[in-house]
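Undergrad: Here are the chains, one letter per residue:
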Amino acid sequence: MRSKFVALMIAIALLGAAVPVWAHHAFAAEFDANKPVKFRGMVTKMEWINPHAWIHIDVKGEDGKVTPWMIEAAAPNALLRRGWTKNSLPSGTEILVEGYQSKDGSNRANGSIITFTDGKKLFVGSSAGDPGAAPGAPPR
Amino acid sequence: MNWRVFASMGLLISVTLLLEARAQTPPAVSGKTVAASKGWTGPKTPWGDPDLQGIWTSDDCIGTPMQRPANIGERLYLTELEIEERETQLARQTENDKQEFLAADTRAGVGPPPHWGERARRPCKQTSLVVDPPNGRIPDLTAEARTRRIPEGAGNNNPRPASWEDFSYYIRCITRGVTGSIFPVIYGNGAQIIQAPGFVTILHEMVHEARVIPLNGPHASPNIRTYMGDSRGHWDGNTLVIETTNFLGNKTGVGLNGGGTPTSDALKLTERYTRTDANTIQYEVTIDDPKTYIRPWKVAFPITQEPGYQNFEYACHEGNYAMFDSLSGARAEEKRENREQ
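Those protein sequence lines, which keep their order, are chains G and L. Position 19 (the first sequence) corresponds to 1298 in this note's numbering; numbering is contiguous. Position 296 (the second sequence) corresponds to 418 in this note's numbering; numbering is contiguous.
In isolation and in its complexed conformation, chain G is listed as follows:
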């Protein structure tokens, strides 16, 4: 039992060290774990940029005031391999976003959970998926 526990601790230690290095940047430096955000917004544009895509949305408050927000999404390369293109999310689409606000208090957030208003995930599919997962690629 003890050895199992030790193995788990080793795994956590290894992963704890590895995860921030894996992604292109350290999330803890960018977003504030004490500032959760959750809103419904209308897509105004999707910036299909490296190293990560950003979704721009307009969020209407209870007083009717519209506030623009930027939501960080996955790397465009990874999205492409899931079958996405920059035309996959047209302006005007309503989405639900849950995440955490940037530490500097500006209207940027990570998009931890992004769904359509009916609850369907925005990003469905696997990068490891079927032949031709990359759009336009000829099957071997």
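Calculated directly from the structure, the hints in this document are not laboratory data. Glycine residues also receive a C-beta, built at the ideal position from the N, C-alpha and C atoms. The reader is advised that the hints may include incorrect statements.
Cβ pair distances, simulated, as ranges [to be verified]:
(1) G:Pro1347 with L:Gly339: 54 to 62 angstroms
(2) L:Gly371 with G:Asp1342: 57 to 65 angstroms
(3) L:Gln432 with G:Pro1347: 57 to 65 angstroms
(4) L:Glu456 with G:Met1321: 30 to 38 angstroms
(5) G:Asn1366 with L:Glu455: 36 to 44 angstroms
(6) G:Lys1314 with L:Asp227: 16 to 24 angstroms
(7) L:Pro273 with G:Lys1314: 26 to 34 angstroms
(8) G:Met1321 with L:Ile346: 48 to 56 angstroms
(9) G:Lys1317 with L:Ile416: 51 to 59 angstroms
Using the hints provided, position chain L relative to the given structure of chain G.
TA: Showing chain L alone in chain G's frame:
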């Protein structure tokens, strides 16, 4: 640690536990990595060199730990049962990726959500990326390397960055080094090999490194030093051997994405690319840096060609908001701390 990051670690933890559970299995030690499939003869280029051209990815070994957990000892390969269980895990992951709705208990986290990552298509058969020393552990640092002053931005990030220079070369979109460019990470593991008479070029997707490697020539003068070093290739039978020297010292390390202890100007890398079947190259690299490690060591893993897999543009810095956010976040934290004092 927020739960979502924790959840995304679940798969690797499971693999480690699985390995631990099987640790009693008699070790099937093999220092050698996979040889060419029996009877298979690789294609040749029109000018007669072995043909390695194509787009290759190290995705299958995503999540395989660099170093082997000590309790697995000298066992380099997973057992058949472990591989079966890993296959089941991958199938489950693919199923989850394809689900149209999130699980009811899904909660938001600060870390990268699962859909950000690219996926292995089949189980990596190894228990660690390090294959030599036989225990799969990175050798100790030399006394000099242990006391070497590591510049803030070398391979790692200052948790309270004051300048763009406090970010790693990876985050600054400068380089991940030679090994960091091919070792499997969460995404962007593509490498395109293009050959011409007398040259091999390797284009890595993430951070867009293009290595132009002359075959059979002498190295550049030792006075010429770069992040990616000076590479010279030759053929050993069907294996492409690339020796790289002339590195700048104290820049990137041999960890994932160029992290870890930065290597020295004495670093010599010897890479071997051996096509073992139509869609697989066995990759090996020997890291020999007597100023940094007490002995040479070797990392190996397969890279594969996949249907439809392409390299895409990686204009690394075009929208690097994360750097801006991290710097402004650090300033906001400082302001808050000053107010609290």
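Undergrad: State for each hint whether it applies.
TA: Structure-based check of each hint:
no. : hint                                        : result
1   : G:Pro1347 with L:Gly339: 54 to 62 angstroms : 55 angstroms, holds
2   : L:Gly371 with G:Asp1342: 57 to 65 angstroms : 59 angstroms, holds
3   : L:Gln432 with G:Pro1347: 57 to 65 angstroms : 33 angstroms, violated
4   : L:Glu456 with G:Met1321: 30 to 38 angstroms : 35 angstroms, holds
5   : G:Asn1366 with L:Glu455: 36 to 44 angstroms : 39 angstroms, holds
6   : G:Lys1314 with L:Asp227: 16 to 24 angstroms : 22 angstroms, holds
7   : L:Pro273 with G:Lys1314: 26 to 34 angstroms : 32 angstroms, holds
8   : G:Met1321 with L:Ile346: 48 to 56 angstroms : 54 angstroms, holds
9   : G:Lys1317 with L:Ile416: 51 to 59 angstroms : 52 angstroms, holds
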